[in-house]
Every structure is written in C-alpha cells, then in structure tokens.
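**Q** This is what each chain is made of:
Number of protein chains: 2
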Amino acid sequence: MSQNKTFDVIIRCSGVATGKMRNETKIDIVEPFVESHELASDEGLFHGGDATAPPPLTYFVGGFVTCLMTQIRAFAKRLRIGLDHLNVEAEFAWKGITEPGKPYRAEPVGIRLDIEIGSASSDEQLAELVSAAKKGCFVEAIISDRIPVIHRLKTSTGWLDC
Amino acid sequence: MSQNKTFDVIIRCSGVATGKMRNETKIDIVEPFVESHELASDEGLFHGGDATAPPPLTYFVGGFVTCLMTQIRAFAKRLRIGLDHLNVEAEFAWKGITEPGKPYRAEPVGIRLDIEIGSASSDEQLAELVSAAKKGCFVEAIISDRIPVIHRLKTSTGWLDC
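In order, the protein sequences belong to chains R and Y. Plus 465 on top of the position in the first sequence (first one is 1) and you've got the numbering used here. Plus 465 on top of the position in the second sequence (first one is 1) and you've got the numbering used here.
Read the hints as simulated data drawn from the structure, not as lab findings. These numbers were taken from a predicted model, which means no experiment stands behind them. Please note: incorrect hints may appear among the correct ones.
Given that identical chains are not distinguished, each listed pair holds provided it fits within a single copy or across any two copies.
[As the list claims (entries may be wrong)] Quick list of in silico lysine to aspartate or glutamate cross-link-like pairs, DMTMM-like style, CA-CA up to 25 Å:
no.	residue 1	residue 2
1	Lys-470	Glu-593
2	Lys-491	Asp-473
3	Lys-567	Glu-489
4	Lys-542	Glu-500
5	Lys-470	Glu-496
6	Lys-470	Glu-556
7	Lys-470	Glu-581
8	Lys-560	Glu-581
9	Lys-600	Asp-473
10	Lys-600	Glu-500
11	Lys-470	Asp-579
12	Lys-542	Glu-554
13	Lys-567	Glu-593
14	Lys-619	Glu-564
15	Lys-470	Glu-564
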C-alpha cells in the first residue's frame, strides 16, 4: 500500500464559439508532459451548422476508443505480450428524452467494445491485458461505474467478456 | 409523463492500430441522422509514438467541451436567449496510481468548466440555459453522476454555480 505512487494528469481547454454552430478549441496537456493541439467542432446543415468540422460526439467516441486501444498497446509492452494486430468495433448508445415545452435531456444507454487481438499469447493473458487497459484508460475511469461498458475479446471459440 | 417522447442516438466506431502507437478510426453516426468521419490518434515520442495526430485524451476533452458549447447554443435558440459570445475555459484532472509490478490505474479527480456568455438576458436566464445544456449534453449525461463536474457562469458580480 505504502509503495503506491501517483502522478497527475491535467488537461486544460479554451473554447470559443465562432460560426453558426462551430466551436474552436485549444487543448493544453499540462501534466505529466506538455503538449498542445487545436480542435474545431461543427454541426451539419440539419442542426443549423456549416459542416466545417466533425461534431462533438465524434471526438468523444474517437477519444474513448483510441484511449483504450493505446493502453492495450502500452500495457502489452509492460506485460510482455506481443501484438500482431488490434481491431476494435464499438457502439455507443444514448436516448434523448423530450418533454413538451422543454429542451431534451440526454440519457446514456450503454457502450460495447468488441476487441480483436492478433497474438501468440493465450486468451487468458489477452483478457488480463484488456482488463488492465480498461483500468488504465483515463476515459473509462470516469465512465465505467456509471453505465454498462462491455468489453468482449474475440477468441477462437467465441467472445470472452473481460 | 405519457407525453414524453424519446429518440435514439447511436454512434459506431471501427478502430485499427497502425503505426507504433497510431490508431485510425472511422466513426459512423447512425441515429438520429447518418454521418461519417475519420479520426486518427497518436502519442508523442515520449510515449513511443510518432506524433502524427493528437493523443486520445485531447479528443475526449475537446468532445466534452464542444458538446456542452453546442448545446448551450442549440438550447439558447429554443429558450429564446440571444448570445453575443460564448467562451469556455475548462480543466480536466486525473491521477494515475502505480503499484509495484503492475500497470497503473487511472482515477478521475474532477472537471471544472468556467463559462462566459455575452447576452442581454439576465444571469438567472443564463444559469437556466447552462443547466438545460448540461442535462442535454450526451457526454455529461454519462459522466456527471460519477465525478464532480462543476459549471460556473461568469456574472458581473462574480462566478455563479449552475
């Protein structure tokens, strides 16, 4: 217990509304290393935007899936598991609830991630790798107690929950 | 109650690990409208990547902040509140916890969003707008019961929690 150490991860974001529905952001990673990026979002014509950039939820979904994929690869090195390939198919589901005269409310339904890893390691080792990666994923750490996040690993005999 | 209606929001994502730490994704919004985008993530040299694209957490943070900003503008129209400008300054904080011999675990600490809205509407109306936007934000709907997400609205007399 006393041997546990911690490190901070701090990310700041400045956002400005520009076009009809366009937002421009500067995102600064300040801990544990320093790095900055710019991202813009927009909405399509249907939602009153100009379709100059992807919509916000695209970034959220892409950030979630690639965070898990990155941790699978980073932790594979630490666990000495060789990876030939890694593919993830994910589905994110919500409901919008409208009451007369009010703006709608958003309600999460669930997230499913189907993971296919090419490796000489056993299914048990790969399941342990996925389990470590989801605990080390900074996005999942926020979400996983709140709604069902299902991870299934593809094996020669079918899907393995992990 | 019986007047409430719901609509589905479904987003699918296919991810493939390509370069050392690079991931390439195709993200398909399938409900309530159809739209596809491609996003790539990478890590910097420090984390064994080639820095060909932003890291995953940048997308997550950008997706969260722009989702809220988009709902503030979309709901302003519904609530007939005029907006001259909208700026958000946000900070996302996590801790990584390392135990000897194990991959680290991620632990969320908190998210703070400082919101500045230029408008002729009263602070009370703007606070109501922010409150509606956070309930309608599909990213916040997943997160807000899990860790503190603090929204502060800038007013002429200081910051107003909402």
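**Q** Hint by hint, say whether it matches the structure.
**A** These are the hints, each one checked on the structure:
Only within a single protomer do Lys-470 and Glu-593 lie at most 25 Å apart by alpha-carbon distance; the minimum there is 22 Å, versus 42 Å between protomers. Proximity of Lys-491 and Asp-473 under a CA criterion of 25 Å is satisfied intra-copy only: 20 Å inside one chain copy versus 31 Å between copies. When the C-alpha separation of Lys-567 and Glu-489 is checked against a cutoff of 25 Å, the pair qualifies neither within a copy, at 28 Å, nor between copies, at 39 Å. With identical chains, the CA atoms of Lys-542 and Glu-500 are at most 25 Å apart within one copy only, with a shortest distance of 24 Å there and 36 Å across copies.
Taking the shortest alpha-carbon separations for Lys-470 and Glu-496, only the intra-copy value of 15 Å comes in at or below 25 Å, while the best inter-copy value is 43 Å. Taking the shortest Cα distances, Lys-470 and Glu-556 sit within 25 Å of each other only across copies (23 Å), while inside one copy they are farther apart (34 Å). Taking identical chains as interchangeable, the C-alpha atoms of Lys-470 and Glu-581 are never at most 25 Å apart, the minima being 32 Å within one chain and 37 Å between chains. In this assembly of identical chains, Lys-560 and Glu-581 lie within 25 Å of each other by CA distance neither inside one copy nor across copies; the values are 28 Å within and 29 Å between.
In this assembly of identical chains, the alpha carbons of Lys-600 and Asp-473 lie at most 25 Å apart only when taken from the same copy (16 Å versus 29 Å across copies). In this assembly of identical chains, the alpha carbons of Lys-600 and Glu-500 lie at most 25 Å apart only when taken from the same copy (24 Å versus 31 Å across copies). For a Cα distance limit of 25 Å, the shortest separation of Lys-470 from Asp-579 qualifies neither inside one copy, at 32 Å, nor across copies, at 31 Å. Taking the closest pair of Cα atoms, Lys-542 and Glu-554 come within 25 Å of each other only inside a single copy of the chain (22 Å); across copies the shortest separation is 36 Å, beyond that limit.
Proximity of Lys-567 to Glu-593 under the C-alpha cut-off of 25 Å is restricted to the inter-copy arrangement: shortest distance 11 Å between copies versus 46 Å within a copy. In this assembly of identical chains, Lys-619 and Glu-564 lie within 25 Å of each other by CA distance neither inside one copy nor across copies; the values are 41 Å within and 29 Å between. In this assembly of identical chains, the alpha carbons of Lys-470 and Glu-564 lie at most 25 Å apart only when taken from different copies (7 Å versus 48 Å within one copy).
Checked against the numbered hints above, the structure violates hints 3, 7, 8, 11 and 14; every other hint is satisfied.
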